[in-house]
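J.: Each chain, written out:
2 protein chains.
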Amino acid sequence: MSGGSGMRIVVIGASAAGLKAAARARRLLPQADIVVFDAREFISYGACGLPFYLSGDLDNLDRLRETQWQAIRDAEFFARVKGLDVRCGRRATALDLATRTVTVESVDAGAAESVGYDRLVIATGAAPRLLGGITLGDAVTCFHVPEESQPLRRGLETGQIGSAVVIGGGFVGVEVAVALADMWGCAVTLLEAEDRLLPHLLDADMSRLVAAELARHDVVVKTGVPVAAAHTVGEGAEVTAGGETFAADRAVVALGVVPQIGFAAAAGLVLGASGALAVDEQLRTSDHAVFAAGDCVEVVHRLTRQPCYVPLGSLANRQGRVVGDNLAADAADAEAAQDRPADADPYSSFGAVVGSSCLKVFDLNVAATGLSETAAAHVGLSADAVWGTFHDVAHYYPEPGALYLKVVYERGSGRLLGLQAVGPGEAVKRVDVFASLLQRDGKLRDLLDLEFCYAPPYNAALDPLHGLGCAALNREEAGVIGVGPFVAADGRAVIDVRSADEAAARPWGSPEALHIPSEQLRARLSEIPTDRPLLIVCEKGPRSAELARWLLAQERRDVVYLAGGMALRSQAGSG
Amino acid sequence: MSGGSGMRIVVIGASAAGLKAAARARRLLPQADIVVFDAREFISYGACGLPFYLSGDLDNLDRLRETQWQAIRDAEFFARVKGLDVRCGRRATALDLATRTVTVESVDAGAAESVGYDRLVIATGAAPRLLGGITLGDAVTCFHVPEESQPLRRGLETGQIGSAVVIGGGFVGVEVAVALADMWGCAVTLLEAEDRLLPHLLDADMSRLVAAELARHDVVVKTGVPVAAAHTVGEGAEVTAGGETFAADRAVVALGVVPQIGFAAAAGLVLGASGALAVDEQLRTSDHAVFAAGDCVEVVHRLTRQPCYVPLGSLANRQGRVVGDNLAADAADAEAAQDRPADADPYSSFGAVVGSSCLKVFDLNVAATGLSETAAAHVGLSADAVWGTFHDVAHYYPEPGALYLKVVYERGSGRLLGLQAVGPGEAVKRVDVFASLLQRDGKLRDLLDLEFCYAPPYNAALDPLHGLGCAALNREEAGVIGVGPFVAADGRAVIDVRSADEAAARPWGSPEALHIPSEQLRARLSEIPTDRPLLIVCEKGPRSAELARWLLAQERRDVVYLAGGMALRSQAGSG
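Line by line, the protein sequences give chains Z and G.
Per the working numbering, the first sequence starts with residue 1, numbered consecutively.
Per the working numbering, the second sequence starts with residue 1, numbered consecutively.
It should be emphasised that the hints constitute simulated quantities derived from the structure, not laboratory data.
All C-beta atoms, glycine included, are put in the ideal place defined by N, C-alpha and C.
Any given hint might turn out to be false.
[As the list claims (entries may be wrong)] In silico contact screen, one side only, chain G against chain Z (beta carbon under 8 Å); selected entries: (1) D85; (2) G89; (3) A461.
[To be verified] Selected chain G positions facing chain Z (in silico; Cβ < 8 Å): (4) G49; (5) F52; (6) D57; (7) N60; (8) V81; (9) Q306; (10) C308; (11) D363; (12) T374; (13) Y396; (14) V433; (15) L448; (16) F452; (17) R498; (18) A503; (19) E539.
Full structure from sequences and hints, please.
T.: Below you can see the structure in the form of structure tokens.
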């Protein structure tokens, strides 16, 4: 490699993607001229940690920009430790692709300078999404940058904030609601326009578990209520939604984010359908000399093969490295290329994503990857689903954690589409493993072939994903159909095959179920109604699934079982 | 499907593999005649849970054979709930492949009967491995069946057992040592013939972490000491090993297991090199009418493509289902086959394994998959390794757990070979994800493309596996070499680039390191010795790796860094 001598690299944005690209380029191109601009002084911080500053888990904001050896990652740090020239308080305002110059303005003084580049990296991230009726002000704020979280934290600490309305039940909205309620006991109302919380992660059924957990911790959840207006009124906030008015000490707007690419769009760089910058696999924009990465670009979804907007810190970090590699590859001269193995492509690529994400909701771990049933239907995929209730460790091991899972797959082909995992148990592990199957176009049978570590403190001999794979194959191959956990009896005779104790602890409810314990059912076949379809019900699913199959073999038609059992059904409470 | 009418299936062994096969066959073949024999009355129990009965985590042995709804899985249970005829106290003693009959003897009465079969399933499991000098007796026992663990537990509860020698530092030996010492405060000496504990899981370096954890909990660990003799002497046990004699209240033999296949081998079924039954992908033995599964068969290793013996409960359960499927496929007549989709193969297969396993060693989670460096060398693979020290969650999140990892990969090709993970942090998740890459012949670059859920309570934005992938690629592509955590300075100048506080807390030791904090090193290049190779040292690895790369770019040769840093090195204590 040439060392990059004579190459000028300009990076706009000193957060995950931009700094990772710059640092990687610096390592690969010790001689290159690299400069990073950012509008803000507080750079290189873990934005995903802001809810944990709000919650009190972190004592101050600097924790979010400290290295593991307690150095503060400011401009001076990057100069001394990373050999990077980072200039804070400078905002990019214009871009001329023809002359390869970017205009950078001082935030304070307003003075502008023209900066030439050989390669430009746009890593400007995202800005909060707003709605027409929302007026930001003293009591109505977003939750996107430290300056917005600091006054909230102070108000909580001093007791000035005792109530809040959170506008938006997505990822950040739920995290903020938890942070406000958990440590500070703030009275929180959470408003979501769609019919459920976390609509981008979860189907309505799994989302009920999250709503129930919030309700158990006294968070008032209202779904299906689009916010019409929000204002500061006196010392507090007033929010109008679904015809109701909610008054609280503060309103926090968490409606998701939009890519922040004004100057780049104005320069004529091509945008994708999502409104974010379109990039190729090398993360190059429509202009060969301009890369982009992080929350300002769109990516390709592995399952739909369509572009999509997935603003996640985990992707931004990985993209930064890819851009750094490709800056170096651009700089490499022919002489250097000869040093590489003949078959090595000097360029790195950023592949399609499956969109894994997770969050903690009080005592629940919530994680999902791929497509929900809703999302699959939205893109025209014909999907089926299976649900299951499991322990995350051997069921006899002390204190097993419950885990409620839903696998979505393509009908017919058995191609895996997505996993939703919710529960006090180890949800994230299963999603991470499942995601790795999605990345290789895995099918239902691949679930059965997964090899998990097994010891009683960590798992059962068969993992929940094995169980769900079997349930789905039993459905596809043998017509043993598990219906979703919140189904109504709907004219079916309900046969509860649990023990008397189990049935008493969590009764099916109305209309009443016929109770025949699983070990008696084979002998009491004659008692089972023949005039109606059957719904077999047990505690977690396996007993009812096995007996549903047996009944099908006895020439009964129209037999289904309650997937995930009464355990999953009752977990959603009245939520 | 024919329902299996007229087909007689005989299963020998009522543990995981045998019962799973029988239950699956019953579901698929409601009309088949299925009978299961087992020598013991106590069947279908989670044998992997015995150490947790010993430890006191479980209050009684029945917990290991209870369903999740508190039903005891005995012969009556299988008859009523699973529709299976399970006959206990009957041992298979002979097999005639030509006439398809197996001789079954009553354990008590000795009366023998000949049982004809259309299909036989051998699932007889394994027996403890013993050595010539070991005499089992009152005070010298194995730890393989409930009858052996019960008196141990009683002796601990009553205070009769205050000291023990555990013979064998493999999986079960370490679990037993922990169980004895943790709750009961038993004085434990753990003897292992090889140079390290857990030799089948871990290389010597990672194994030191386990030895140190045991030492911290007052378990005396002796490695490299083959046991010459063990006897009951009076009320206690005497063990001779490595020229020393160890006296204790009990000696527990945990030297691993051997397949238990006497009658099957005598009948002429083909054995593999490991001494276990050879089976094909359908789990069929050399006789078409005989299947085998569980701890009595050998499997193919995914990485070596060679047969190997991997007796794990997780595999036995999955194999049972495959056998059940294939029993049904054998039974299916032509008519039934027409009901299947045209492209469906009615047979299931059990693929190659990677051998994931895990155990809990006091506060350490220990997990591994694939090949260690030692195992790779043993099969002639040219392997390199990278080590890393990480937090299992965002480093600023409260109470992050440390995680020490080692990735082994094939030099040149970058093919992934194995992962070893040890630490209080979430080790198992990383191993489970890594195993899924091994199952598809993953390479180093695939580590970088892994998509993990990210939120601060669950991970850093980049997972440890991303970090290790980068470290390995930096080694392969740029010659940035991290040396193993327990390397000696060996003539190199040691440059410690940590802060003064860090260096004071865990000093390099002798010969003394030159201390230049990372942020000063670029400016103080002239102070670095030019007459010797360099070893750059930091707390966890990233700083020293980055500066090693920078020094290489300054035309320094012979620069390496300490992989995993002083954190990993010090974690092994003086162990």
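J.: For each hint, tell me whether it holds in the structure or not.
T.: Hint-by-hint comparison with the structure:
1. D85: Since the shortest Cβ distance to chain Z is 13 Å, the answer is violated.
2. G89: For G89 (chain G), the interface hint is violated, since the closest Cβ of chain Z sits about 22 Å away, which is over 8 Å.
3. A461: OK, holds: A461 (chain G) within 8 Å of chain Z, min 5 Å.
4. G49: Holds, about 5 Å.
5. F52: Hint holds; F52 (chain G) Cβ to chain Z Cβ min 6 Å, cut 8 Å.
6. D57: holds, 5 Å
7. N60: violated, 10 Å
8. V81: Hint on V81 (chain G): holds, closest Cβ of chain Z at ~5 Å, below 8 Å.
9. Q306: violated, 17 Å
10. C308: violated, 14 Å
11. D363: violated, 12 Å
12. T374: violated, 20 Å
13. Y396: holds, 4 Å
14. V433: It holds, given that the least Cβ distance between V433 (chain G) and chain Z is near 5 Å, below 8 Å.
15. L448: holds, 7 Å
16. F452: holds, 5 Å
17. R498: Holds, because the Cβ-Cβ distance from R498 (chain G) to chain Z comes to roughly 7 Å (cut-off 8 Å).
18. A503: This hint is violated: A503 (chain G) lies away from chain Z, its Cβ roughly 11 Å from the closest one there, beyond 8 Å.
19. E539: Status holds, d = 6 Å.
Checked against the numbered hints above, the structure violates hints 1, 2, 7, 9, 10, 11, 12 and 18; every other hint is satisfied.
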